[in-house]
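Please work from the sequences and hints to get the whole structure.
2 protein chains.
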Amino acid sequence: MEHRLEEVQRAVAAAIEAALADLPPGDLTDAMRYAATGGKRVRAFLVLESARLFGVEDLSAMPVAVAVELLHAYSLVHDDLPAMDDDDLRRGQPTCHIRWNEATAILAGDALQTQAFALLADPVIGPAEARIALVARLAEASGARGMVWGQAQDIAAETAGTPLDLPAIEALQHAKTGALIRFSATAGAIMGGTDPAPLEEYARNLGLAFQIADDILDVTASAEQTGKRTGKDEAAGKATFVSLLGLDEARARAAAMVARAEAALDPYGDRAGNLRAVARFVIHRRT
Amino acid sequence: MEHRLEEVQRAVAAAIEAALADLPPGDLTDAMRYAATGGKRVRAFLVLESARLFGVEDLSAMPVAVAVELLHAYSLVHDDLPAMDDDDLRRGQPTCHIRWNEATAILAGDALQTQAFALLADPVIGPAEARIALVARLAEASGARGMVWGQAQDIAAETAGTPLDLPAIEALQHAKTGALIRFSATAGAIMGGTDPAPLEEYARNLGLAFQIADDILDVTASAEQTGKRTGKDEAAGKATFVSLLGLDEARARAAAMVARAEAALDPYGDRAGNLRAVARFVIHRRT
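As they're listed, the protein sequences go chains G and A. Each residue of the first sequence is one higher than the one before, starting from 250 at the first, in the working numbering. Each residue of the second sequence is one higher than the one before, starting from 250 at the first, in the working numbering.
Keep in mind that the hints were calculated from the coordinates and are not lab data. The beta carbon of each residue, even a glycine, is placed where N, CA and C say it ideally should be. One or more of the hints may lead you astray.
[What the hints assert, rightly or not] A partial selection of chain A residues facing chain G, derived with a Cβ cut-off under 10 Å:
hint, residue
1, ALA267
2, LEU269
3, LEU330
4, ILE355
5, LEU368
6, ALA388
7, TRP398
8, GLN402
9, SER471
10, ARG502
See the structure below:
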């Protein structure tokens, strides 16, 4: 799996470069490219591997993989803004508004979102029906019922100063990070013209395990390891899976969810080996 | 035409309400609804009237009309932010970040953009081919080569303190406000499955006339009339069509462009009466 992940990382980096190559030169395009650089590319990996399950080749699935990475990049740029999480470090580099300025960061995020939807119109993906279905699903996952709603809840809880309880955190993370992971892991079924439901269970558990692992890293890892400031949640008195469950119980839950995610892939047999491996990877990663 | 514009304004308001009705209650949804309220709905009018030219009914074209209005609303919310144009008044009301806060305004803008693309997936619009073509065109018009690029250029010029010359202002406005107007005025041809080229000339002239009229209003109208702060461009030493051409020449240019826009509609005969009338309306409006 790790060989395949590295292959995906290289291919996605090249495809992102190509997707942004024709934009007018200037700060806006530079900031977009900067924001879209780096990262583990787990979401792109999920798109490409779920596509393979249904016989859809990397070439066809790549614009969808790039779209979800650009969408994710936009969310990071906006979340890092001073009015939001106010972060100055991301993927080991100064955040976009530090490197340029707030206006450029807002606009680069805006245009990265737009570019994500533009990519879903690429005919190489397949029939128009599949492409427009992906548009609807990406919008649902990332908009006012999905990712953006989750971020709004997160900020509201921090502003109110009343830490959330476990069901509230689960609902928040289900939307904030889970929805885009669900989109990614089910995209292959949409491209393949089949029912995405069997992959939903995999993606739901993977998404939550992913977030628990993030909370664990925030306590156990250094900024050098993760490329972003750590220990922020604790300093802010923010409720996380770790603060609510303790480190051991959080680890146990994440492992149980990964097991459930792996089991959900049984119908796909050996062909889902990489999807099983990436589920284990998200809780064993050190960055 | 004015009767039809009022009819469109009422129908679009109801359709926006319906499009946002199912979102989770809270500040985010409230801010989205607030930002999408009011306005002249010229873009929606262009969508619905260009659709009529090709026999596409209001019912089918309405999600596209709403999409372009939500896209426009998102751009206003983000443009008004302190890091951008720093405006506190819009459509006669406090801007979104004044009424709520910056984080809510950023997220509401983000989600309005997402919702715009979501609406284009509505099957009532027509075949999947037409819907995905609209996605590609809306992304092209509003992204890093269109509206967002124009706004980035505008801010860069203001930051640099060197006023733009006429060709630079035309290029900027062609992107910043023109691209979305071109999308709107050609959307009907895409829905009708015909060549949008004949409407491009209409839309190009209309878009520039619209912006010149805006610059004229910034000098001649009061905030009570326009619902936004006026005289800002002059105070900022910003180059506009009026500062470069003078008021009389700017008026003459706008009128000449409206005449060209009207002439471009000749192939459509009387059926384009409302599109001709709206072109005259944009330079005679007082708000």
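These are the hints, each one checked on the structure:
{"no.": "1", "hint": "ALA267", "result": "violated, 14 Å"}
{"no.": "2", "hint": "LEU269", "result": "holds, 8 Å"}
{"no.": "3", "hint": "LEU330", "result": "holds, 7 Å"}
{"no.": "4", "hint": "ILE355", "result": "holds, 6 Å"}
{"no.": "5", "hint": "LEU368", "result": "holds, 9 Å"}
{"no.": "6", "hint": "ALA388", "result": "holds, 4 Å"}
{"no.": "7", "hint": "TRP398", "result": "holds, 6 Å"}
{"no.": "8", "hint": "GLN402", "result": "holds, 8 Å"}
{"no.": "9", "hint": "SER471", "result": "violated, 28 Å"}
{"no.": "10", "hint": "ARG502", "result": "violated, 26 Å"}
Checked against the numbered hints above, the structure breaks hints 1, 9 and 10 and satisfies the rest.
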